[in-house]
Amino acid sequence: MPEFDVVELGPADHLEPGETAPDFTRPLVTDEFWEDRSLAELVDGRTVLVFTPMIGSFVAKYVWSELAERGWLERGERIVGVTASTPYGVSRFLDENDLPVEVFADPTNEVADDYGIAHDLDGMAGVSEPRLAFVALDADRSIETVWVADEWPEFPDYDEVETEFGLD
Amino acid sequence: MSEATSRDDEPAITFYRLQACPYCERVARTLGELGLEYRSRFVEPLHSRRDVVKRVAGVRTVPVIVDDETGVTMAESPNIVDYLESTYGDGPPTGSAAADRATAETGGDD
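Here the protein sequences line up with chains A and B, keeping their order.
Just remember that this note's numbering sits 490 ahead of the position in the first sequence, which is counted from 1.
Just remember that this note's numbering sits 13 ahead of the position in the second sequence, which is counted from 1.
Simulated from the structure, these hints should not be mistaken for lab results.
Don't take each hint at face value.
Said to hold, decoys possible - Label pairs and their computed distance ranges (CB to CB):
#1 A/E600 to B/R52: 31 to 41 Å
#2 A/E644 to B/R39: 29 to 39 Å
#3 A/A629 to B/R52: 22 to 32 Å
As the list claims (entries may be wrong) - If you only want the chain B side, here are some residues facing chain A, beta carbon under 10 Å, derived:
#4 D22
#5 E23
#6 A25
#7 Y29
#8 Q32
#9 Y36
#10 L47
#11 L49
#12 R54
#13 V56
#14 E57
#15 H60
#16 R62
#17 R63
#18 D64
#19 N92
Stated by the list, open to error - Derived list of chain A stretches under chain B, where covered just means 3 residues or more per stretch with a C-beta under 8 Å from a C-beta of chain B:
#20 563–574
#21 631–644
A quick note: this is a predicted structure, and the numbers were derived from the prediction, not measured.
By construction, the Cβ of each residue, glycine as well, lies at the ideal position given by its N, Cα and C atoms.
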């Protein structure tokens, strides 16, 4: 018996390939500023949405470090994050970690809720955050590929994700 | 991450601002009164973290506006208000006594 518990999140009620990713408008944050942007106006080619738990969690830190190391941020696909943190928190995080990536700040977590991947945190009343998830979209915002964590925490097999998402 | 200030169907005016900064709110009120479309780019309270404003306008204070319609980039709220009113409203043209006075009052922005 392991002496730790990995929380089962159960199957996510997330969107399936072929469906159109719901549009939303939120502050899009870089290491320097933020401005309201809609997903619809942002997507003009292949795009991968990276949903992470809130900034400050080790999960968010590990995932972005891994993606940066694997060169995801320098590929042809546009990589865009979504998380349940304030613009200030996101901007500081990107600055401190030298991450040249744009992240939607969604403190109320409604976007993750719309995408069926919200996770209410035990012991943090009133706080919800996205499950770790990758959603690849084509230029028309049609969903191509989805990976969603089923456990918390769960990290993907990045090599497999890169193959499935055509990112290798 | 493009810093280009023009996108299709985007407002001509980009407004660099700080949350709860009264000088910025004054510019926001003027933009609203003149019925001008604009998009807001919020920056950090720390001046050291305002490289984007420095690159765009040569200063680290906000408010700053960039008007693609006229090619004007401007800092200091009295100057901005004066510019907006003289360009898009019935305000005093630049060079007027009011404008000179406004210029002399600059330096208090965040």
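Consistency of the hints with the structure:
The hinted range of 31 to 41 Å is not satisfied by A/E600 and B/R52, whose Cβ atoms lie roughly 22 Å apart. Against the hinted window of 29 to 39 Å, the Cβ-Cβ separation of A/E644 and B/R39 comes to about 49 Å, which falls outside the hint. The hint said 22 to 32 Å for the Cβ distance between A/A629 and B/R52, and at roughly 23 Å that hint holds. Hint status for B/D22 relative to chain A: holds, with the closest Cβ pair at about 8 Å, below 10 Å.
Hint status for B/E23 relative to chain A: holds, with the closest Cβ pair at about 9 Å, below 10 Å. A cut of 10 Å between beta carbons decides the hint on B/A25: the least distance to chain A is about 15 Å, and the hint is violated. Annotation: interface hint on B/Y29 holds; nearest CB of chain A at approximately 7 Å, less than 10 Å. For the restraint placing B/Q32 at the interface with chain A, the shortest Cβ-Cβ distance is roughly 9 Å, inside the 10 Å limit, so the hint holds.
At about 17 Å, the closest approach between the beta carbon of B/Y36 and any beta carbon in chain A exceeds 10 Å, and the interface hint on this residue is violated. This hint is violated: B/L47 has a C-beta 20 Å from the nearest C-beta of chain A, more than the 10 Å allowed. Interface hint at B/L49: violated, since its Cβ lies 16 Å from the closest Cβ of chain A, which is beyond the 10 Å cut-off. Because the closest C-beta pair between B/R54 and chain A is about 4 Å apart, less than 10 Å, the hint holds.
Interface hint at B/V56: satisfied, since its Cβ lies 5 Å from the closest Cβ of chain A, which is below the 10 Å cut-off. Of the supplied interface hints, the one on B/E57 holds, with its beta-carbon coming within about 6 Å of a beta-carbon of chain A, less than 10 Å. For B/H60, the interface hint is violated, since its Cβ never comes within 10 Å of a Cβ in chain A; the closest pair sits about 13 Å apart. For the restraint placing B/R62 at the interface with chain A, the shortest Cβ-Cβ distance is roughly 7 Å, inside the 10 Å limit, so the hint holds.
The criterion of a C-beta within 10 Å of any C-beta in chain A is met by B/R63, whose closest approach is roughly 8 Å, and the hint holds. Interface hint at B/D64: satisfied, since its Cβ lies 6 Å from the closest Cβ of chain A, which is below the 10 Å cut-off. With 10 Å as the threshold, the beta carbon of B/N92 stays out of range of chain A, its nearest partner Cβ sitting at about 21 Å, so the hint is violated. Counting residues of the region 563–574 of chain A whose CB falls under 8 Å from any CB of chain B gives 0; the rule of at least 3 is not met.
Given as covered by chain B, the region 631–644 of chain A fails the check, having 0 residues with a CB less than 8 Å from a CB of that chain where 3 are the minimum.
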